[in-house]
Amino acid sequence: MVLAYDAEDTISSNHLCQPNINNCDNYQANNPPLVQQTPHAHRCGRYLEATRDVPAGMEFSPIGGIMVQVLRLVDSVRKCLYIVGTALLVLVAASNTITWHLQRFWGASGDFWQRKWENIYNLFGGDHFSLGVIGTTVYGMMVFWFANLFLLILDMTGKPATLLRYKVQPDKNVPVPRDQLWRAIRLVVFNQTVVGIPVAAAVYYIMKMRGCSMLPADLPTFHWALFELIVFVLVEEIGFYYSHRLMHHPKIYKYIHKRHHEWTAPIGIVSIYAHPVEHVLSNLIPPALGPILMGAHLANAWLWFGLALLSTTVAHCGYHFPFLPSPEAHDYHHLKFNQNYGVLGVLDRLHGTDNMFRASKAYERHFLLLGFTPMLQQFPDAPSKSKSE
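Counting in full-length UniProt numbering, the sequence shown runs from 1 upward without gaps.
To be clear, the hints were calculated from the coordinates, so they are not data collected in a lab.
Think about it this way: if two alpha-carbon atoms lie no more than 30 Å apart in a straight line, the pair counts; the simulated BS3-like pairs of lysine-lysine are:
no., residue 1, residue 2
1, 361, 254
2, 336, 254
3, 254, 172
4, 361, 172
5, 258, 336
Take the sequences, apply the hints, and build the full model.
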């Protein structure tokens, strides 16, 4: 059974998803436990994971609260180390034999990538402002619409039908309502142009002050480019998590973020279907902070912006395709509203804003699909009980 939540009621009652402990009994009466309760977490089922190692009776005391936060911090750091550690292992491996091959295509004078960047640089006549503002805008739009064109055809026609097996919410948006879709497309194009170009200009001047280069001769080495990408990912996680969570504040949500949550079953283009204020604060600034902080070359910033656009498209696409990152976490956010605010899930673990998700079927499906059997077949939803039962 799929429970329908009204977003405003959800966030108002939880106030940034922080529970009122005095109302836990009411919460439990209206919301059956998500998992089997234990003596260590007998009052609020959604906090079972965070309090599993806290002595009975202490979970809501000052000391118990500190212990819960410490446990979440440890779990969050462990998750962060796993993500960063994996990337660093690749970096270390690349410093040996792999590096020799990769550097033939990266950063060295006269190689493939430098020639390509020189072509782009010359296309704009060496005009840094045009390259940094217009070039960045056009590049972002090309990546976004290239990634979403196939998804739009699939959502509008339902063909090829075999791919519909991979829908996360199979009973939604088949096909997508045309009026709702065109309304989304109009706002997306508005955000990319009317909103995006002034922000791109502001970012250009800030990057110029930071000493960011655009010259083909200054392209970074493979090692440095990879290191910067790791930093970009972590900086975006911080910027997006807290700006996104701010958007869910009861005094802000209904005026700004509610528009994005019109889609409880999102599709790819919904990734930047947002109020212009939200688009700036959550979609544009967090990805730009990393390149600004690192004083990155524009080419590496473009690489990062492209990856970020592809990532958010996959997160919103509504399909758990084989060999692509799992969209289950963010799809669950659109379904339930008060879970999974971040990109990586690191800060969600730290702040406990993924407890409901971790107790759900969606969490069991939240991994890279390496075969062709759809997740819903491998981990089907529990059959809903009839009213007579």
